[in-house]
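Heads up: the sequence lines are chains A and B, in that order. Under the numbering used here, the letters of the first sequence match residues 1 to 284, in that order. Under the numbering used here, the letters of the second sequence match residues 1 to 263, in that order.
Mixed in with the good hints, there may be bad ones.
Cross-link-like lysine to aspartate or glutamate pairs, in silico, EDC-like; alpha carbons within 16 Å at most [said to hold, decoys possible]: (1) B:K129 to B:E148; (2) B:K150 to B:E204; (3) B:K36 to B:D12; (4) B:K87 to B:D115; (5) B:K105 to A:E173; (6) B:K11 to B:E33; (7) B:K88 to B:D115; (8) A:K187 to B:E33; (9) B:K11 to B:E238; (10) B:K26 to B:E238; (11) B:K122 to A:D162; (12) B:K122 to A:E247.
Which residues of chain B face chain A? A few of them, derived with a C-beta cut under 8 Å, are [said to hold, decoys possible]: (13) L52; (14) I58; (15) F109; (16) Y119; (17) A124; (18) I126; (19) R172; (20) L176.
No wet-lab data here; the hints were simulated from the structure. Built from N, CA and C at the ideal position, the CB exists for glycine as well.
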Amino acid sequence: MGGKLFKNFSFLSATLSFFILIGIFAVLFQYAQAALHEFGIDFLYSESWEVDEDDEGGLFGGWIPIVGTLLSTLIAMAIAIPLAMGIAIFLTEIAHEKLVKPVSVAIELLAAIPSIIYGMWGLFYFAPIVQSTVGGDGVGLLTAGIVLAIMIIPFMAAITRDAMNTVPPVLKESAYAMGATTFEVVKDVVMPYAKGGIIGSIILALGRALGETMAVAFLIGSVMSIPSRITDPTTSIPVLLANNFAEAQDLEISAMYYLALILFVVSFALISLAKFYFFGRKTV
Amino acid sequence: MRTNSMIMEVKDFSFTYAGASAPSLKRINLPIEKNKITALIGPSGCGKSTLLRSMNRIHDLYPGNTYEGEIRLYDHREEIENILNIKKENDFIRLRQAVGMIFQKPTPFPMSIYDNVAYGLKLAGIKNKGEIEGRVEKALQDAAIWEETKDRLRESAMGLSGGQQQRLCIARAVALKPDVLLFDEPTSALDPISTGAIEELIAELKKDVSVVIVTHNMQQASRLSNYTAFMYLGDLIEYGETDKIFLNPSVKLTEDYITGRFG
Chain A
1 MGGKLFKNFS FLSATLSFFI LIGIFAVLFQ YAQAALHEFG IDFLYSESWE VDEDDEGGLF
61 GGWIPIVGTL LSTLIAMAIA IPLAMGIAIF LTEIAHEKLV KPVSVAIELL AAIPSIIYGM
121 WGLFYFAPIV QSTVGGDGVG LLTAGIVLAI MIIPFMAAIT RDAMNTVPPV LKESAYAMGA
181 TTFEVVKDVV MPYAKGGIIG SIILALGRAL GETMAVAFLI GSVMSIPSRI TDPTTSIPVL
241 LANNFAEAQD LEISAMYYLA LILFVVSFAL ISLAKFYFFG RKTV
Chain B
1 MRTNSMIMEV KDFSFTYAGA SAPSLKRINL PIEKNKITAL IGPSGCGKST LLRSMNRIHD
61 LYPGNTYEGE IRLYDHREEI ENILNIKKEN DFIRLRQAVG MIFQKPTPFP MSIYDNVAYG
121 LKLAGIKNKG EIEGRVEKAL QDAAIWEETK DRLRESAMGL SGGQQQRLCI ARAVALKPDV
181 LLFDEPTSAL DPISTGAIEE LIAELKKDVS VVIVTHNMQQ ASRLSNYTAF MYLGDLIEYG
241 ETDKIFLNPS VKLTEDYITG RFG
C-alpha cells in the first residue's frame with residue numbers, strides 16, 4: 001500500500017520536471033505568437049527596437065541583442081577555455097598534493113558566488129581598469145566578456161578537473177614509462193581520454209554564459225546598438241529582457257517572448273549536446 | 001666474469017615510501033643478467049613491485065620517496081651508470097626508453113593501434129615516417145600481434161581484446177629497442193589462453209632484451225625464468241637459478257613459500 005503510494009509519488013515528481021519544461025516552452029511559444037506573426041524570421045536580423053506609442057505596436061528585431069549575446073559569450077569562452085584547462089591540468093597533474101585541496105575548495109567557492117556580486121565588482125572595480133588600459137567607456141562588450149569569463153572559469157575548471165581525474169593512474173604511468181614528459185602525457189593521454197568530460201564542461205559553461213543576466217546587465221552598457229569596437233557598449237538577450245520587461249506592452253512583450261524563445265531553444269540545444277557528450281563518455 | 005653478463009645490478013638498495021616510517025626494501029642486492037629472464041616472486045607486500053618500479057624510476061612521479069644504494073645500468077656502450085643519480089628530465093626520458101615497463105593491466109593509449117606503437121618512437125625524436133612505419137611493423141611482428149592488427153592499424157586500440165591490448169603494450173615497449181623490459185604481473189588480468197600467448201612472447205623476447213618479471217604465479221616463474229629472486233617483507237631472501245630455487249632452495253622460507261605453505 002505504502003509502496004504503491006511512494007512509487008506513484010516519485011513517478012509524479014520525476015515526470016513533473018518534464019511537464020514544466022514542456023509548459024515553459026509552450027508558454028514562450030504562445031506569448032511569442034504575435035511577434036512571430038508580425039515579424040516572422042526577419043526578426044532575427046532586424047536591428048530596430050522601436051515602440052510606436054500611438055497604436056501600442058512598433059518595429060522590433062532581435063539582431064542587436066543576439067549579436068551582443070553571441071559576442072560577449074565568445075569573448076568569455078576565448079578567455080575561459082585556456083585558463084580553465086590550465087587550472088584543471090595544474091590541479092590534476094602538476095600541483096603538489098598539499099596545494100590541490102585548498103585550490104580546489106577556492107575554485108568551488110568562486111563558482112558559488114552570486115552573479116550580482118561579480119556584476120558589482122566588475123562595474124566598480126574592473127570596468128575602470130578596462131577603461132584605462134584599452135579605452136572605451138568602461139562598460140561594454142569587452143568588460144562583460146571578461147567578467148563572464150571569470151564567472152564561468154571555476155565551473156569549467158571544476159568539471160574538467162573531475163574528468164581528468166578519471167584517467168587511470170596506470171595509463172599515465174605507462175606514458176611516463178615510455179619517456180613522455182608531463183606536457184606530452186597531458187596532451188596525448190589525459191586530454192584525449194577526458195575529451196568527453198572536457199567538451200561537456202565547455203558546453204555547460206557556454207550555456208551559462210549565454211543566459212547570464214545580472215552581471216552582464218551591470219557591465220554591457222545596455223545600449224541598443226551594434227558594437228563597432230570591442231569596447232563599445234551593446235546589449236544581450238537576457239539584459240534586454242530584464243531591463244524592458246516592466247514597462248513593455250503588447251507587441252513589445254511578445255517580441256521579448258520571441259527573444260526568450262530563441263535563448264531557450266539555443267540553451268536547450270547546447271545542454272542536450274553536453275548531455276550527449278557526457279552520456280557518450282560513459283558508454284565508451 | 002659475472003659483471004660482463006649483467007645488464008643491471010641492484011646494490012645495497014633501500015627504499016622508503018613518502019611518509020612511511022620503515023623502509024619497504026632493505027639493502028637489496030640483485031644482478032639482472034643480460035638476455036635472461038629474472039623473476040621476482042614473493043607474497044603480497046614483499047616489495048617485489050616496489051623494486052621493479054625503482055628500476056625505471058617510475059616511483060619518481062610521486063614525490064617524497066627516499067632511497068639509498070645503487071641501481072646500475074650497464075648500457076650497450078658498456079658504460080656504467082647509477083640510475084639513482086638521475087635528476088634531469090632528459091636523462092629520465094633516456095632511462096625510460098632503455099628500460100621499458102609493462103603493467104598489470106593493459107594500458108592502450110586513447111589513439112589508434114598504429115599510433116600507440118609509433119608514440120614512443122615519436123617521443124624518442126624519430127621524425128622519418130618510413131623509419132617509424134618499419135619499426136611499428138617490426139614491433140607488432142615481434143609482439144606476435146601483426147597478423148591480427150595489420151588490417152586495422154588505424155582503428156582505436158580500445159577495440160582490441162585484453163590479451164591483444166597487452167601484446168600491443170609489449171609491442172609499444174619493444175619498438176623503442178630497450179635494453180631491459182620490466183613486467184609487473186603482466187598476465188594477472190588475462191585469461192589462460194592470453195596468458196599463454198604473453199608467456200610465449202616473453203620467452204621469445206629475451207633474444208633481444210633482458211627481462212625482469214614480477215609474478216604471483218609460481219608456475220609462471222618456473223616455466224619462464226632463468227633466474228628467480230624470492231623476496232619477503234622487504235628483504236631479498238634468496239636468489240639463484242630458477243631450477244635451483246624451485247627444486248632445491250637453500251633457505252627454509254623459500255621452500256615454504258614455493259610449496260605453498262604460506263603466501
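Hint check against the structure, violated hint numbers in rising order: 1, 2, 3, 4, 7, 8, 11, 12, 13 and 18
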